[in-house]
Amino acid sequence: MGVNCSVVAHPKSLRTAETGEHHEPGHAHRRRDMTMGLILIIVIGYLFLMAFVTFHRLLALLLPETPPPSPISPPVPLF
Numbered sequence: 021m022g023v024n025c026s027v028v029a030h031p032k033s034l035r036t037a038e039t040g041e042h043h044e045p046g047h048a049h050r051r052r053d054m055t056m057g058l059i060l061i062i063v064i065g066y067l068f069l070m071a072f073v074t075f076h077r078l079l080a081l082l083l084p085e086t087p088p089p090s091p092i093s094p095p096v097p098l099f
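The sequence shown begins at 21 in this note's numbering and counts up by one.
Read the hints as simulated data drawn from the structure, not as lab findings. What you are looking at is a predicted structure, and each value in this text was computed from that prediction instead of being measured. Treat the hints with care, since some could be wrong.
Simulated restraints, written as ranges between beta carbons of each label pair [what the hints assert, rightly or not]:
| hint | residue 1 | residue 2 | range |
| --- | --- | --- | --- |
| 1 | R52 | T74 | 28 to 36 Å |
| 2 | I59 | S90 | 52 to 60 Å |
| 3 | R51 | L81 | 44 to 52 Å |
| 4 | P84 | D53 | 48 to 56 Å |
| 5 | H49 | F72 | 33 to 41 Å |
| 6 | T86 | I62 | 35 to 43 Å |
| 7 | L79 | I59 | 25 to 33 Å |
| 8 | H76 | M56 | 28 to 36 Å |
| 9 | T74 | P97 | 36 to 44 Å |
| 10 | I62 | L82 | 27 to 35 Å |
| 11 | L58 | L81 | 32 to 40 Å |
| 12 | M70 | H49 | 27 to 35 Å |
Glycine included, every Cβ here is placed at the ideal spot set by N, Cα and C.
Could you put together the complete structure from these sequences and hints?
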């Protein structure tokens with residue numbers, strides 16, 4: 021006589037994740053946090069770029085232009 025070693029699985033223990041469900045409870049929040057972090061990095065980078073461009077334009081307006089060449093001394097040839 022043999023011993024019956026068969027395992028009976030209950031339907032609830034074999035339940036797979038439905039569409040939209042995740043195995044980890046914090047998985048959806050982690051993806052949302054990563055997306056928000058990426059958006060935040062892009063926005064901060066854009067604002068930094070706009071501040072740099074604005075500062076560069078203001079600097080160009082405030083600083084005097086390079087003076088025109090003097091008519092007394094002709095330009096020196098390079099060769």
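>> Need the list of violated hint numbers for this structure, in ascending order.
In response: No numbers; nothing is violated.
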